[in-house]
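These protein sequence lines are chains A and B, in that order.
Numbering-wise, the UniProt record's numbering puts 36 at position 36 of the first sequence, and it's gapless, one number per residue.
Numbering-wise, the UniProt record's numbering puts 61 at position 61 of the second sequence, and it's gapless, one number per residue.
Note that these hints are calculated values from the structure, not bench results.
Accuracy of the hints is not assured; some may be wrong.
[As the list claims (entries may be wrong)] If you want a taste of the chain A side facing chain B, the calculated C-beta under 10 Å gives, among others: (1) T60; (2) F137; (3) P138; (4) N214; (5) S215; (6) N341; (7) R342; (8) I343; (9) Y345; (10) G346; (11) E351; (12) T385; (13) L387; (14) T388; (15) R390.
All C-beta atoms, glycine included, are put in the ideal place defined by N, C-alpha and C.
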Amino acid sequence: AGNEPSWGIPCTQLLIYISTPGCDGFPSLDSKESYKLIVSKGSMLLSAETIWGALRGLETFSQLVGRDENGTYYINETEIVDFPRFPHRGLLLDTSRHYLPLRAILETLDVMAYNKFNVFHWHIVDDPSFPYESSTFPELSRKGAFNAMTHVYTASDVRAVIEYARLRGIRVIPEFDTPGHTLSWGPGAPGLLTPCYVAQQPSGTYGPINPILNSTYQFVTSLFQEVSTVFPDFFIHLGGDEVDFTCWRSNPKIRAFMQEMGFGEDYKKLESFYIQRLLGIVSSLGKGYIVWQEVFDNEVEVKPDTIIHVWKENIMQYKQEMANVTRAGYHALLSAPWYLNRISYGQDWIEAYKVEPLDFRGSPEQKALVIGGEACMWGEFVDVTNLTPRLW
Amino acid sequence: RYYEYMFGRSRRRRWGRRPLGAPALPELSELQVVIEAADPGCDSYPHLGSSEAYHLTVTESVAILKAYEVWGALRGLETFSQLVHEDDYGSFLVNESEINDFPRFAHRGILLDSSRHYLPLKTILTNLDAMAFNKFNVFHWHIVDDQSFPYQSIYFPELSDKGAYSCNLIYTPADVRLVIEYARLRGIRVIPEFDTPGHTQSWGKGQKGLLTPCYSGKQQTGSFGPVNPIWNTTYDFMTKFFKEISSVFPDAYIHLGGDEVDFSCWKSNPEVKEFMKKQGFGIDYAKLESYYIQKILDIVSSYNKGQVVWQEVFDHKAQLKPDTVVQVWKANYYAHELSSVTGAGFSAVLAAPWYLDYISYGQDWKKYYSVEPLNFPGSEEQKKLLIGGEACLWGEFVDATNLTPRLWPRASAVGERLWSSRNVTDLEDAYKRLTSHRCRML
Numbered sequence: 001a002g003n004e005p006s007w008g009i010p011c012t013q014l015l016i017y018i019s020t021p022g023c024d025g026f027p028s029l030d031s032k033e034s035y036k037l038i039v040s041k042g043s044m045l046l047s048a049e050t051i052w053g054a055l056r057g058l059e060t061f062s063q064l065v066g067r068d069e070n071g072t073y074y075i076n077e078t079e080i081v082d083f084p085r086f087p088h089r090g091l092l093l094d095t096s097r098h099y100l101p102l103r104a105i106l107e108t109l110d111v112m113a114y115n116k117f118n119v120f121h122w123h124i125v126d127d128p129s130f131p132y133e134s135s136t137f138p139e140l141s142r143k144g145a146f147n148a149m150t151h152v153y154t155a156s157d158v159r160a161v162i163e164y165a166r167l168r169g170i171r172v173i174p175e176f177d178t179p180g181h182t183l184s185w186g187p188g189a190p191g192l193l194t195p196c197y198v199a200q201q202p203s204g205t206y207g208p209i210n211p212i213l214n215s216t217y218q219f220v221t222s223l224f225q226e227v228s229t230v231f232p233d234f235f236i237h238l239g240g241d242e243v244d245f246t247c248w249r250s251n252p253k254i255r256a257f258m259q260e261m262g263f264g265e266d267y268k269k270l271e272s273f274y275i276q277r278l279l280g281i282v283s284s285l286g287k288g289y290i291v292w293q294e295v296f297d298n299e300v301e302v303k304p305d306t307i308i309h310v311w312k313e314n315i316m317q318y319k320q321e322m323a324n325v326t327r328a329g330y331h332a333l334l335s336a337p338w339y340l341n342r343i344s345y346g347q348d349w350i351e352a353y354k355v356e357p358l359d360f361r362g363s364p365e366q367k368a369l370v371i372g373g374e375a376c377m378w379g380e381f382v383d384v385t386n387l388t389p390r391l392w
Numbered sequence: 001r002y003y004e005y006m007f008g009r010s011r012r013r014r015w016g017r018r019p020l021g022a023p024a025l026p027e028l029s030e031l032q033v034v035i036e037a038a039d040p041g042c043d044s045y046p047h048l049g050s051s052e053a054y055h056l057t058v059t060e061s062v063a064i065l066k067a068y069e070v071w072g073a074l075r076g077l078e079t080f081s082q083l084v085h086e087d088d089y090g091s092f093l094v095n096e097s098e099i100n101d102f103p104r105f106a107h108r109g110i111l112l113d114s115s116r117h118y119l120p121l122k123t124i125l126t127n128l129d130a131m132a133f134n135k136f137n138v139f140h141w142h143i144v145d146d147q148s149f150p151y152q153s154i155y156f157p158e159l160s161d162k163g164a165y166s167c168n169l170i171y172t173p174a175d176v177r178l179v180i181e182y183a184r185l186r187g188i189r190v191i192p193e194f195d196t197p198g199h200t201q202s203w204g205k206g207q208k209g210l211l212t213p214c215y216s217g218k219q220q221t222g223s224f225g226p227v228n229p230i231w232n233t234t235y236d237f238m239t240k241f242f243k244e245i246s247s248v249f250p251d252a253y254i255h256l257g258g259d260e261v262d263f264s265c266w267k268s269n270p271e272v273k274e275f276m277k278k279q280g281f282g283i284d285y286a287k288l289e290s291y292y293i294q295k296i297l298d299i300v301s302s303y304n305k306g307q308v309v310w311q312e313v314f315d316h317k318a319q320l321k322p323d324t325v326v327q328v329w330k331a332n333y334y335a336h337e338l339s340s341v342t343g344a345g346f347s348a349v350l351a352a353p354w355y356l357d358y359i360s361y362g363q364d365w366k367k368y369y370s371v372e373p374l375n376f377p378g379s380e381e382q383k384k385l386l387i388g389g390e391a392c393l394w395g396e397f398v399d400a401t402n403l404t405p406r407l408w409p410r411a412s413a414v415g416e417r418l419w420s421s422r423n424v425t426d427l428e429d430a431y432k433r434l435t436s437h438r439c440r441m442l
């Protein structure tokens, strides 16, 4: 064609230099993701301290490449020095409200990489279903999955997710949410959940995990032993949200326990009792943990390096919560303004974009405790048929 | 295709044996389809007056589907396919049934917008399939608008050459024929909408002199407004254009739009102002709009096509033809509007409560399901004039990547409301059926 721009010398190579790669390791909260990208006449250089930084730089590089009307690939002279503001940039998927086939999860990991997300928060089980195939407790998914043959994640599925994520610099943090949100655990673990009472009789329905039985803690120990081995990340999300006390209150054995322990009528103390023991178990397994904000709100004693996940959505409330959590010296993760499952008409990305995570009253030390945030795609109205266009 | 719907999708074809000792079930070996009319309609196009009633009897060994016209047979075939289910052993079962069915409303439509975002053919065809699963029978194709003009016109190729988003984001005559035939085979009418005089920015790219030049004082600003209603060339163009549309689209009706005309450009244009004076319209630009619309209605009538218009055309008191259909879309006081339209003797189609592009969190299908179209003050005769409704999926935030999960199965709620009897309103029951229907559609 006549007026073609004269492209410079073609660049045929992107040189990648990594000082301490760590290619065989897993990404962590402390991973360095900074990189430097220099594109100049005849040479293209991507340098990073770690492989994780190189991955981010590669993503940027791929976004810089354009194509003109003649099909020529080109790239502008560029100099980029880049690093993330927050080290924990996560996405939550919920595979309990609706099962998500492996391909949906892997596709999501791809798109996460395109957007430099680095944490996949896998809310893998909940009330409606238990798709996680446990080797220690196979009955959990056999009785608790929507379909024990077709709607489960086998050990190899889980490994596939973890490796696919790792290759994209994405950490996989599983969430086994207790003591609430556990109805699907009941069929496969008889005696685990609290039997609810009506008048003086068991009603046949169940509530949260029964916090007064030793068998509960044996079960929890074994399960988290397995989870700790299966999932290599240092952190496990332990949930702890929305515990409904009605069932506990209705159960006479629990009421008796409350008296014995001097908890009176304050069931938050019973919740604390459970959570503290759970945290102890998980700590002794050498893992760190993340919990939903109720654990902090209900004054459970948690270890200093606990990460509190702020999710309750009222505008004033979450900023206040961020202030409170960080003032108490805990690390905070923000999700409250980013519940992407709550769809609405129009360009709602703008509201999400305008959020300033550090916009709360606090000292610089407090603000430094905010390690990042997570966009959440809860699954009540989401499955493989609509996940991708709803989330992205 | 119904054979495949019923038997082809069996994922786990385990030819398991039924347990020993299980009673042998009677077998159904044949569905006989009987179409009673002398001219069943297989070679013609569906229309507003088509018969969609059917009678379905399922008893041992033979099932019989009887309908007056092929359109009813299609509806009955859809129902029959929904009755067939699979047990755990891979056997296909159907219950003994006797069904006498017919639609409550004759016009049951879906509006797609291929101007705000181009919709590839595949998306449109998939949507026609989904419509058939839900017994919708009108595809209201809002094919062009301000943003783009993807319709490749034979007489005016520049319209899409200059007005489409790009040269490959168009609908060729072959594409259009494909859509019309695909729809016909499913008993679905295709009503194209060429919306004027507003919503026409993209027309001006390929047809210079069609749109009104806007002024600031005595100067042209370089921007354009609605179609210019005062020039003869406008009507010469429209005469030729709608001649093409009338022959390309076989349905008896064409949708002419007529909504949301912004008068400010007309008001700024000195020639237009002069014309207003001469015609004695004063400063009532609604009269100019009506003047324009009436001439278009005449043009389209001369091609023996009926017209559908948005409610503003009626509200601004244009003189409509007796068989013009008014589409009520404004959400505020729509019941009142239905009374006015039918009170004036015109047929109405209801879209106002069914703008499915307005997504919101949760089970919004319930609010669509709960609409009762005849809840407006009016006589028996008036209520007969409400010929049906349409679920609209405007395209501002919709393209091929998200159309299907956004529209379905929410539109199914509208489909049932328009087909089923007035007293089918139980949400819990609807929920159960909707969830299985959704899985079936997948």
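Going through the hints against the structure:
1. T60: violated, 24 Å
2. F137: violated, 26 Å
3. P138: Status violated, d = 22 Å.
4. N214: violated, 40 Å
5. S215: This hint is violated: S215 of chain A lies away from chain B, its Cβ roughly 35 Å from the closest one there, beyond 10 Å.
6. N341: For N341 of chain A, the interface hint holds, since the closest Cβ of chain B sits about 7 Å away, which is under 10 Å.
7. R342: holds, 5 Å
8. I343: Since the shortest Cβ distance to chain B is 5 Å, the answer is holds.
9. Y345: Constraint on Y345 of chain A satisfied, holds at 5 Å.
10. G346: holds, 7 Å
11. E351: violated, 14 Å
12. T385: Holds, about 5 Å.
13. L387: holds, 9 Å
14. T388: Constraint on T388 of chain A satisfied, holds at 8 Å.
15. R390: holds, 8 Å
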